[in-house]
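Use the sequences and the hints to build the structure in full.
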Amino acid sequence: MRDEDIQTMNRPAVADGGPARPAPAAPEAAPAWLGPVLIVGIVLAALNLRPAITSLGALFEEARTGLRMSGTVAGLITSVPALCFAVFGITAPRLSRRFGPAAVVCAGMAAVAAGLLIRPFADSAAGFLAASALSLAGIALTNVLLPVIVKRYFPDRVGTMTGLYSMALAAGTSLAAAATVPLTGALGGSWRTGLLIWAGLALAAVLPWLPVAAASRRERAAAPAAATAATGPSVVRSRTAWALACYFGLQATGAYVTMGWLPQIFRDAGVSASTAGVLLAVTMVMGVPLAFVIPGLAGRMRNQGPIAVVLGVFGLIGYLGLYLAPAAGAWAWALLLGISNCAFPLVITMIGLRAKSPAGVVKLSAFAQSTGYLISIPGPLVIGTLYQHSGGWDLPLALMAGLLVPQVVLGLLAGRDRTIEDECGMRD
87 MRDEDIQTMN RPAVADGGPA RPAPAAPEAA PAWLGPVLIV GIVLAALNLR PAITSLGALF
147 EEARTGLRMS GTVAGLITSV PALCFAVFGI TAPRLSRRFG PAAVVCAGMA AVAAGLLIRP
207 FADSAAGFLA ASALSLAGIA LTNVLLPVIV KRYFPDRVGT MTGLYSMALA AGTSLAAAAT
267 VPLTGALGGS WRTGLLIWAG LALAAVLPWL PVAAASRRER AAAPAAATAA TGPSVVRSRT
327 AWALACYFGL QATGAYVTMG WLPQIFRDAG VSASTAGVLL AVTMVMGVPL AFVIPGLAGR
387 MRNQGPIAVV LGVFGLIGYL GLYLAPAAGA WAWALLLGIS NCAFPLVITM IGLRAKSPAG
447 VVKLSAFAQS TGYLISIPGP LVIGTLYQHS GGWDLPLALM AGLLVPQVVL GLLAGRDRTI
507 EDECGMRD
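Counting from 87, one number per residue, gives the positions in the sequence shown under this note's numbering.
Just so you know, these hints were derived from the structure itself, not from any lab.
Take the hints with a grain of salt, since some may be wrong.
What follows is a list of derived Cβ distance ranges for each label pair [stated by the list, open to error]: (1) Gly286 <-> Ser165: 23 to 31 Å; (2) Pro268 <-> Leu383: 29 to 37 Å; (3) Asp354 <-> Gly286: 34 to 42 Å; (4) His475 <-> Arg304: 56 to 64 Å; (5) Leu162 <-> Asp354: 19 to 27 Å; (6) Thr361 <-> Arg388: 38 to 46 Å; (7) Val322 <-> Gly356: 45 to 53 Å; (8) Ser210 <-> Val395: 30 to 38 Å; (9) Glu147 <-> His475: 18 to 26 Å; (10) Leu485 <-> Ala300: 31 to 39 Å; (11) His475 <-> Thr361: 21 to 29 Å; (12) Glu509 <-> Ala300: 34 to 42 Å; (13) Thr361 <-> Glu147: 32 to 40 Å; (14) Ala411 <-> Leu296: 47 to 55 Å.
None of the values given here were measured: they were computed from a predicted structure.
C-beta atoms are modelled at their ideal positions from N, C-alpha and C, and glycine is treated no differently.
Written out as structure tokens, the structure is:
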């Protein structure tokens, strides 16, 4: 890392285009190793934010049979991720103020690893659910705090760094979905072994955060008042915070519906099961390069609303195509929906840009993600119910296309060049 980058990490966080906040204290200079280790830690943490979910999805039928899960319990497990993200994400601001964001991310990665280590050895559905919840709690905390880490240590490169970890998140999601079944077969065919594989990746993610957390602890000890004084604005008073939260919820709804139901839409249109799986992979893989490009572009723009509009239009065309010619244009629709689902890295970038300070980012991130995940919980269930009772996909697709309209409007509101501190009347 360049000397100027290390100096940047020692400046107070700055909202892109906004004035610098005065430093509350003058802690010792960051060690030269901190920047590179942080980048490795961010990438490894992001890689681990979805394999706990997508690896289980690939082996869910085997796990359900092996643990003799009832249909109710199986349905509960599929709904647990969004619920855990909402519930545990709320605790992130308090934990961050008490221990520092780096220490909480380190503990979060340890929780992910512990849950993934314990889960394959569970002999009951209850134990399996508890171990899954432990991993998901760690993921929830890391979800909220990675934007804070980026804002704190890379304030002048929010878009670039958000793009880096968004790309790693998309890569981890796709890798676990695509590789779990082949790896399970190569290692003997046991679903328990297939799930255990991903604990190794989570353990690797803990390692770089240990020295980062220790360095953060020393910094906080040198300036304890500065570490605990800033609590950030009251985000519930901010219209931008509410727009971000609702935008997050609607884009998450679309993503979960796509991951859960897109293969069935294609299969009902006459596409083979294997091809339907590949089409879903195409949709997911689109997020890898675009998750890097979109945050970088958004970080250079004062208003990110136009990007939200473009992504929404791609989604509308994709759903229209699924309605009119699901099989004939299957590859095009999968591609378009993959682009539309890249609203996630956009909203994560906007979280970093819509607050001036790390304290503001942590509260905004927790509020937007927790509220957003709560909004997204009913989506896949409602779509499944409509599909079951209507006997086809016309009504569910119409609903999903209709939800893109308020999503675009909310993206325009959230993308405006303003900060939650300004809306809440906080002075620099």
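| query | Which of the stated hints cannot be reconciled with the structure, identified by number in ascending sequence? | reply | 8, 10 and 13
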